[in-house]
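Q: As given, the protein sequences belong to chains A and B, one line each in that order. Numbering of the first sequence is given in UniProt numbering, commencing with residue 1 and proceeding in unit increments. Numbering of the second sequence is given in UniProt numbering, commencing with residue 1 and proceeding in unit increments.
Fair warning: there could be bad hints in the mix.
Which chain B residues face chain A? A few, computed with CB under 7 angstroms, are given here [claimed, not checked]:
#, residue
1, Ala236
2, Val247
3, Thr248
4, Gly251
Just so you know, the hints here were simulated from the structure itself, not pulled from any lab data. Glycine residues also receive a C-beta, built at the ideal position from the N, C-alpha and C atoms.
So the chains spell out like this:
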Amino acid sequence: MSRAHVRAVLVRAAAALLAVSLAGCAGWGGDSAGSGGADSIDVLMVNNPQMIDLQRLTEANFTRQTGIRVNFTVLPENDVRDKISQEFSSQAGQYDVASLSNFEIPIYAKSKWIAPLDEYVAADTAFNQADILPPMTKSLTADDGKLYGEPFYGESSFLMYRKDVLDAQGIQMPAKPTWQQVADIAARVDGKQPGMAGICLRGQPGWGQVFAPLTTVVNTFGGTWFDKDWNARVDAPEFKQATQFYVDLVRAHGEVGAPQAGFTECLNNLVQGNAAMWYDATSAAGTLEAADSPVKGKIGYVAAPVVKTQSSGWLYAWSWSIQQASEKKDNAWKFISWASSRQYEELVGGQLGWSRVPAGKRASTYANPDYLEEASAFAGPTEQAISSADPRNPGVQPRPALGIQFVDIPEFTDLGTQVSQYVSSAIAGQMTVDEALKRGQRLADDVAERYRSRENG
Amino acid sequence: MTTTLTRTTPGHQAVPKKKDRGGPWLSLLAWVVGLLFVLPVVWMVLTSFHSEADAATNPPAVVAPLTLEGYREFFSGGASPWPPLLNSMTASVISTLLVLLLSFPAAYALSIKPVKKWTDVLFFFLSTKMLPVVAGLLPLYLFAQNTGLLDNIWLLIVFYTSMNLPIAVWMMRSFLSEVPVEMLEAASMDGASLAKTLRSVIAPVVMPGIAATALICFIFSWNELLFARVLTATVAETSPVFLTSFVTSQGLFLAQLCAAAFVVSLPVLVAGFAAQDKLVQGLSLGSVK
Numbered sequence: 001m002s003r004a005h006v007r008a009v010l011v012r013a014a015a016a017l018l019a020v021s022l023a024g025c026a027g028w029g030g031d032s033a034g035s036g037g038a039d040s041i042d043v044l045m046v047n048n049p050q051m052i053d054l055q056r057l058t059e060a061n062f063t064r065q066t067g068i069r070v071n072f073t074v075l076p077e078n079d080v081r082d083k084i085s086q087e088f089s090s091q092a093g094q095y096d097v098a099s100l101s102n103f104e105i106p107i108y109a110k111s112k113w114i115a116p117l118d119e120y121v122a123a124d125t126a127f128n129q130a131d132i133l134p135p136m137t138k139s140l141t142a143d144d145g146k147l148y149g150e151p152f153y154g155e156s157s158f159l160m161y162r163k164d165v166l167d168a169q170g171i172q173m174p175a176k177p178t179w180q181q182v183a184d185i186a187a188r189v190d191g192k193q194p195g196m197a198g199i200c201l202r203g204q205p206g207w208g209q210v211f212a213p214l215t216t217v218v219n220t221f222g223g224t225w226f227d228k229d230w231n232a233r234v235d236a237p238e239f240k241q242a243t244q245f246y247v248d249l250v251r252a253h254g255e256v257g258a259p260q261a262g263f264t265e266c267l268n269n270l271v272q273g274n275a276a277m278w279y280d281a282t283s284a285a286g287t288l289e290a291a292d293s294p295v296k297g298k299i300g301y302v303a304a305p306v307v308k309t310q311s312s313g314w315l316y317a318w319s320w321s322i323q324q325a326s327e328k329k330d331n332a333w334k335f336i337s338w339a340s341s342r343q344y345e346e347l348v349g350g351q352l353g354w355s356r357v358p359a360g361k362r363a364s365t366y367a368n369p370d371y372l373e374e375a376s377a378f379a380g381p382t383e384q385a386i387s388s389a390d391p392r393n394p395g396v397q398p399r400p401a402l403g404i405q406f407v408d409i410p411e412f413t414d415l416g417t418q419v420s421q422y423v424s425s426a427i428a429g430q431m432t433v434d435e436a437l438k439r440g441q442r443l444a445d446d447v448a449e450r451y452r453s454r455e456n457g
Numbered sequence: 001m002t003t004t005l006t007r008t009t010p011g012h013q014a015v016p017k018k019k020d021r022g023g024p025w026l027s028l029l030a031w032v033v034g035l036l037f038v039l040p041v042v043w044m045v046l047t048s049f050h051s052e053a054d055a056a057t058n059p060p061a062v063v064a065p066l067t068l069e070g071y072r073e074f075f076s077g078g079a080s081p082w083p084p085l086l087n088s089m090t091a092s093v094i095s096t097l098l099v100l101l102l103s104f105p106a107a108y109a110l111s112i113k114p115v116k117k118w119t120d121v122l123f124f125f126l127s128t129k130m131l132p133v134v135a136g137l138l139p140l141y142l143f144a145q146n147t148g149l150l151d152n153i154w155l156l157i158v159f160y161t162s163m164n165l166p167i168a169v170w171m172m173r174s175f176l177s178e179v180p181v182e183m184l185e186a187a188s189m190d191g192a193s194l195a196k197t198l199r200s201v202i203a204p205v206v207m208p209g210i211a212a213t214a215l216i217c218f219i220f221s222w223n224e225l226l227f228a229r230v231l232t233a234t235v236a237e238t239s240p241v242f243l244t245s246f247v248t249s250q251g252l253f254l255a256q257l258c259a260a261a262f263v264v265s266l267p268v269l270v271a272g273f274a275a276q277d278k279l280v281q282g283l284s285l286g287s288v289k
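Let the sequences and hints guide you as you build the complete structure.
A: And the structure:
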């Protein structure tokens, strides 16, 4: 191409860009009418595989049925949390629907940033709220008794283990193991296959990383972050014992690079045969049992290990909420009602495969023969884990706030993340557990102090 | 860009006496440094042609079979990549044009026909870059929200123009001051008007400088993430924001992300290679100063 030709092309392209932009267009995305189109809604959601499937299925199904166009913004988890809190706290009204977890929903509800859904649920009988697993509804209901979110998919936690590896050592995994039994098994299988650690446990800093599994361990060891009168209990003997146990286990028989390992790293470890056991989210099973997974059919699933409590699984649900400032709440509900429906699960099952169904929210999913055929290995343990989770009473003592693997207060993200950095250092061997929790106690006490003075004043 | 710089490096082997012995070693060093800089990009391109499972292995699988899966996912996966790419193109091209339009006269007034206290003016331009960008983020967000300009590409164009303007003025000034005074005197003696002088005398001399300035402004606007992420939503989303959407905390994404990153960096690479000869002149013109 000659130079003059290139120049001509460039000039023409620039002119075209200018012309289109000057025509008053705010950008190339969304529908052509801009984001103000009456029959369109804007959705902000986290980039998890289930959401990407939803994005792909929306136009050909939801839009075709209802005529409502859906514009998605998809962001990684941390970014989406930032963006949602920025958007919702200023009530900017750019997005009608956002994916929020059961951590944010009761907090946002208190600030009146999201709209209650009870009226929509009552009017939309086809949605069938009674089919949603009760712990889910409970965790999405705020203190005022109103429902503020509908789950898209839910998860609890359980223990995953390589059946073949345990069999080779003649080890029988109990159906409801205790943490001591798990530690013993980890010691026995550690290194029995080249490069295979006994167990994979998250060690990556972050309130939603290491402290998701660790807080459930603390709960079942009898510990808690706060007692019901808002006294910080981070340096209490039970909390310390649980953390020491967790750190010792992962240091002795855990994965390589544990202080940086989160959900994804552990998932990779298990898929690649670098770990014999893994205590983590039930949603991992879908990937482990996917058709192209090298460990498909080799994994066994049992309930979250316990010590003093009957069950110990966490409860987490990516859910949909409607922004209070949205002007298209009716259309927003239609979208939520479709995305969280049983029919959507059947659509995913039929088109993409039953292992990709956003499960863990509806009782009917676990009665569906198609789903059970695909997910027989983990469907039962998953439903049991979710159904036995109690977000209002997860430990051995009454709690001041909702939440199993977290304390449902806005301060917990900072608190949990800071303390998790100390715990992660302890896993890396740079700090003792005592020291880590002593610092954690100070931070937790600052938070508790605020709540105590609020209750007294 | 990197290769461009590496190629100029052998030119710096300044000591003629040691030329015979030092030459090969210096060239080798230049190549090693150049390759070190290019390596991450090569790695990204290679990974983009791997399957997700191969991309995630540790140690890395260099010779894994190649596939176009990542690119297929990028173009026909979830969301269409074209609106963000077009948004980035709009914001970068228009803001770069505006910057050139504004910085050229400013630079003229600071070098060839300097205004009074021109050093203060120059410093004043630069001082606007001293405030951390993030410090202005919240006021700008609230401003955009109140004026209804959230998620509007024109807001980004204005911001990118003002962000790049000081740098462009400084660069252009240093290029313009390279123009020999004798040439300007000769032009004015021949009776050339200001417009004629600008077009026929100054422009050809500083063209490499303009190209270098334009490319840098284009790259800065193209790659800007912070403002774009905070101020755009579904309509004016730019490619860097779109790129982050490939990162997920559940499941594998490395190959797809590398494919996306490669496609998104293509326009900059193409612009860089197209302007390569101009750039070598332009960048060394500035650096000699």
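Q: Now look at each hint and say whether the structure bears it out.
A: Going through the hints against the structure:
Among the interface hints, the one on B:Ala236 holds; its C-beta lies about 3 angstroms from the nearest C-beta in chain A, closer than the 7 angstroms criterion. The interface hint given for B:Val247 holds, since its Cβ lies 4 angstroms from the closest Cβ of chain A, which is under the 7 angstroms cut-off. The interface hint given for B:Thr248 is met, as the beta carbon of that residue sits about 4 angstroms from the closest beta carbon of chain A, less than 7 angstroms. The closest approach between the C-beta of B:Gly251 and any C-beta of chain A is roughly 5 angstroms, which is under the 7 angstroms cut-off, so the hint is satisfied.
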